[in-house]
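2 protein chains.
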Amino acid sequence: MGERLIVIGGVAAGMSAAAKARRVNKDLDIVVYEKSGYVSYGSCGFPYFIKGEIPRIDDLIVRTPEQFAKQGIEAHVHHEVLSIDTVVRSVRVRNVETGEEFTDQWDRLILTTGGVAARPPIPGLDLAGIFTLRTPEDALAVRAWIEERRPKRGVIVGAGYIGLEMAEALAANGIKVTVVEMLPQVMPNMDPDMAQLVQEELLRQGVELYLEHPVQAFEGKERVEQVLAGDAAFPADIVIFSVGVKPNVTLAKEAGIALGPTGAVAVDDHQRTNVPQVWAAGDVAEAHHLVTGKPAYIPLGTTANKQGRVAGTNAAGGDAVFAGIVGTAVAKVFDLQVARTGLSLRQAREEGFDVASVNIKASSRAHYMPGHKPIHVKLIFEKGTHRLLGAQMVGAEGVAKRIDVLAAALHAGWTTYDLAKLDLSYAPPFAPVWDPILIAANVANK
Amino acid sequence: MGERLIVIGGVAAGMSAAAKARRVNKDLDIVVYEKSGYVSYGSCGFPYFIKGEIPRIDDLIVRTPEQFAKQGIEAHVHHEVLSIDTVVRSVRVRNVETGEEFTDQWDRLILTTGGVAARPPIPGLDLAGIFTLRTPEDALAVRAWIEERRPKRGVIVGAGYIGLEMAEALAANGIKVTVVEMLPQVMPNMDPDMAQLVQEELLRQGVELYLEHPVQAFEGKERVEQVLAGDAAFPADIVIFSVGVKPNVTLAKEAGIALGPTGAVAVDDHQRTNVPQVWAAGDVAEAHHLVTGKPAYIPLGTTANKQGRVAGTNAAGGDAVFAGIVGTAVAKVFDLQVARTGLSLRQAREEGFDVASVNIKASSRAHYMPGHKPIHVKLIFEKGTHRLLGAQMVGAEGVAKRIDVLAAALHAGWTTYDLAKLDLSYAPPFAPVWDPILIAANVANK
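If you read the sequences in order, they're chains A and B. Counting from 1, position 122 in the first sequence corresponds to residue 121 in numbering that gives the first Met the number 0; the numbering is continuous, with no gaps. Counting from 1, position 79 in the second sequence corresponds to residue 78 in numbering that gives the first Met the number 0; the numbering is continuous, with no gaps.
Read the hints as simulated data drawn from the structure, not as lab findings. Remember, predicted model here, so these are calculated numbers, not experimental data. Heads up, a few of these hints could be off.
Note that the list lumps identical chains together, so a pair holds whenever it fits in one copy or between two copies.
[Unchecked claim] Derived DSSO-like pairs: lysine-lysine, alpha-carbon spacing no greater than 27 angstroms straight-line:
| id | residue 1 | residue 2 |
| --- | --- | --- |
| 1 | Lys-445 | Lys-69 |
| 2 | Lys-372 | Lys-50 |
| 3 | Lys-50 | Lys-175 |
| 4 | Lys-331 | Lys-360 |
| 5 | Lys-372 | Lys-331 |
| 6 | Lys-252 | Lys-293 |
| 7 | Lys-34 | Lys-252 |
| 8 | Lys-331 | Lys-420 |
| 9 | Lys-50 | Lys-34 |
| 10 | Lys-25 | Lys-420 |
| 11 | Lys-293 | Lys-420 |
| 12 | Lys-25 | Lys-445 |
| 13 | Lys-151 | Lys-50 |
| 14 | Lys-382 | Lys-445 |
| 15 | Lys-34 | Lys-69 |
| 16 | Lys-360 | Lys-372 |
| 17 | Lys-245 | Lys-34 |
| 18 | Lys-420 | Lys-245 |
| 19 | Lys-445 | Lys-420 |
Take these sequences, add in the hints, and give me the full structure.
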């Protein structure tokens with residue numbers, strides 16, 4: 000009989016790990032416990048489901064438990080792991096539908112419990128009509144609330160990626176949207192000058208934006224009726240609460256699995272935790288940041304999938320390494336593409352770099368082509384060496400994949416001089432003859 | 000009095016060189032002689048002018064001679080350089096409007112005579128209604144022919160980038176288009192499997208395509224009436240002849256400026272020719288190919304601009320180096336984006352590499368997003384080492400700038416293993432969680 004691998008959590012990292020483990024090792028028993036009613040779903044699609052662009056929540060499911068069963072992977076939904084015993088190597092599991100509890104033994108364990116929405120102790124946060132967005136059940140609840148209650152006024156608390164994607168989703172449902180944010184800018188991992196472009200787009204789209212408005216309370220009788228923030232009151236028939244994601248480390252902490260400096264589970268480049276035969280991956284874990292050389296907590300689906308494969312390979316007896324991240328991310332905010340990679344100016348300063356930056360405005364196509372749009376490129380680099388530390392880009396087209404060239408540059412450890420040498424593609428419908436990246440590099444090199 | 004820099008040819012490389020030389024050296028006399036009636040134009044825009052997307056040819060002009068004059072650059076249009084004397088350092092020039100000839104002295108010379116359309120000795124090639132496309136005058140002539148003659152049937156000879164862009168331009172003018180090509184595929188610098196996708200698009204768009212149909216003759220009385228190719232006759236009211244570009248090296252050869260193995264002017268990494276104080280740049284010159292380590296002739300506007308700046312800097316007494324090319328190019332062919340970088344499979348084999356390749360079909364967006372389109376990615380790499388040698392991409396969206404990540408990978412000298420590590424951007428509207436590049440790399444690494 001083969002050894003038994005238990006995977007706790009069946010979303011991106013967990014199901015990538017299980018599937019990869021199966022391919023690497025045919026003899027392993029592989030069991031996944033997932034608390035929600037779904038495995039293997041694309042949670043980044045929730046705003047588009049709520050917006051109405053994606054008709055059914057099932058469209059976001061990559062594979063069902065039945066499909067995993069055919070691969071020889073036992074995936075149990077509605078099963079919450081209550082505790083981990085790393086000495087006798089067992090987990091205590093509850094079937095949340097029946098209430099039944101049982102103990103299961105493992106030889107190898109992969110922890111992919113993901114992230115949870117941050118929920119600071121704000122009065123009224125439990126009122127009906129206030130939603131966070133982590134699981135398909137959350138997305139279905141928002142969609143049902145919209146269809147049944149026809150809310151007219153929506154308040155988004157928190158202007159990060161999810162908050163702004165949800166602003167678009169609610170507005171598309173005819174809801175008048177107000178965004179309230181504690182900080183003096185939207186998208187805190189962008190620099191203020193680039194965030195300003197996003198703020199202008201929100202206003203153009205009719206979204207009301209209140210910066211430096213920390214939420215004090217939610218009020219209402221049976222359901223939320225208004226949001227108190229920054230000493231103002233905002234009426235609301237629906238609230239999306241999206242102030243951040245924290246690693247879901249409760250199980251890990253109780254089991255003695257070590258956390259790192261970010262508060263997420265510490266892992267090495269094989270996704271090993273401090274406990275033998277226990278790996279971790281995805282939004283519960285840290286990742287090695289290639290620009291700082293330190294562990295970082297940047298929970299994203301891309302990293303979760305890659306780390307999951309590495310954890311699955313190693314837990315199955317193979318040998319794989321996760322190379323690390325550079326913090327690349329992109330979001331659609333109404334008609335803008337907003338992208339970043341590496342360190343922001345503020346992050347670079349906090350890391351102790353002697354930093355310079357350039358911020359240029361160029362065109363997404365040749366200047367004479369109809370439909371060309373402005374594209375803003377910011378490069379953050381080290382004074383003296385000109386080593387690239389980060390980049391940000393905002394524009395209506397040509398941003399999402401152009402940022403990847405700068406992500407590659409960070410992987411390569413390039414300077415802005417190296418960037419200026421790149422033989423990048425050109426045709427009038429797709430770029431100016433000097434690509435915006437080359438323009439920015441040339442300005443940095445002056 | 001300052002020394003005198005003469006630049007022969009005033010398009011991309013020439014005007015980049017002149018402008019850069021002026022910035023580097025305020026004392027230099029800078030004179031540009033350009034045979035056509037325009038300087039500093041974007042010739043890649045001609046198909047879009049002919050298509051009707053760009054209203055005026057002047058929209059393609061970056062700067063006029065008057066604007067250059069304000070920078071202290073004397074740019075003479077309608078001035079053809081007839082010969083170069085590298086001993087007494089002079090050029091013989093003819094004003095093609097007045098017929099006047101004169102001699103001008105130089106201390107430093109930059110040769111940017113560009114490329115010329117290949118014109119093999121085919122009977123009837125000089126008939127009215129047959130056009131090549133290199134200068135604004137050419138583009139204006141095609142546009143005038145379309146407006147005055149209202150051609151119904153057009154034949155494109157040669158299925159390279161320009162030929163296929165012109166197929167789209169003519170079709171947009173209501174012309175029934177037939178493309179005849181000598182080779183068994185369109186776009187000879189793409190591999191046949193990728194070219195096949197372009198061929199299918201041409202057929203979908205109602206373009207008739209005849210491969211392996213070398214042109215034998217053009218026939219007609221006062222103007223072209225039919226094209227004989229591959230023993231078939233194709234009626235034509237207009238013909239675009241686009242079988243390739245050759246370096247315009249007549250002046251260089253006569254002056255004893257050495258050509259390289261490709262037949263273009265040989266230059267070092269400072270754009271120096273074999274003659275002291277003579278530099279060359281752009282479509283007349285070779286470029287160092289970073290994948291093969293050899294000189295290559297790949298005439299493109301991006302390279303012309305970069306080489307021009309390097310030549311201008313050095314001719315003005317500065318010190319700049321051109322890093323080389325990897326052969327990146329993109330074209331719009333009707334609703335497809337077609338891109339390539341590095342070596343094709345055939346080129347890689349010809350260079351003696353032991354080659355492998357993968358060709359995957361992925362999606363331009365998350366699978367559940369409306370509007371997602373197939374995107375085909377081909378990676379060409381060395382067996383054993385897995386060193387990336389080239390890449391090709393075809394799809395309706397997300398191709399043009401995604402190829403640049405692979406261009407960057409070639410600059411970095413990466414393997415397909417390195418590629419698989421990249422932290423690329425993801426959001427459902429812009430990419431699947433596994434970017435098509437990562438999917439291709441993962442398949443290559445299996």
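Hints, one by one, checked against the model:
no.: 1; hint: Lys-445 <-> Lys-69; result: between (60 angstroms within a copy, 22 angstroms between copies)
no.: 2; hint: Lys-372 <-> Lys-50; result: both (25 angstroms within a copy, 21 angstroms between copies)
no.: 3; hint: Lys-50 <-> Lys-175; result: within (14 angstroms within a copy, 43 angstroms between copies)
no.: 4; hint: Lys-331 <-> Lys-360; result: both (19 angstroms within a copy, 24 angstroms between copies)
no.: 5; hint: Lys-372 <-> Lys-331; result: both (15 angstroms within a copy, 18 angstroms between copies)
no.: 6; hint: Lys-252 <-> Lys-293; result: within (21 angstroms within a copy, 58 angstroms between copies)
no.: 7; hint: Lys-34 <-> Lys-252; result: within (18 angstroms within a copy, 77 angstroms between copies)
no.: 8; hint: Lys-331 <-> Lys-420; result: between (30 angstroms within a copy, 24 angstroms between copies)
no.: 9; hint: Lys-50 <-> Lys-34; result: within (26 angstroms within a copy, 58 angstroms between copies)
no.: 10; hint: Lys-25 <-> Lys-420; result: between (48 angstroms within a copy, 26 angstroms between copies)
no.: 11; hint: Lys-293 <-> Lys-420; result: between (29 angstroms within a copy, 17 angstroms between copies)
no.: 12; hint: Lys-25 <-> Lys-445; result: between (58 angstroms within a copy, 17 angstroms between copies)
no.: 13; hint: Lys-151 <-> Lys-50; result: within (15 angstroms within a copy, 47 angstroms between copies)
no.: 14; hint: Lys-382 <-> Lys-445; result: within (13 angstroms within a copy, 41 angstroms between copies)
no.: 15; hint: Lys-34 <-> Lys-69; result: within (21 angstroms within a copy, 71 angstroms between copies)
no.: 16; hint: Lys-360 <-> Lys-372; result: within (10 angstroms within a copy, 29 angstroms between copies)
no.: 17; hint: Lys-245 <-> Lys-34; result: within (17 angstroms within a copy, 66 angstroms between copies)
no.: 18; hint: Lys-420 <-> Lys-245; result: between (40 angstroms within a copy, 25 angstroms between copies)
no.: 19; hint: Lys-445 <-> Lys-420; result: within (14 angstroms within a copy, 32 angstroms between copies)
This entry satisfies every hint, going by the numbered hints stated previously.
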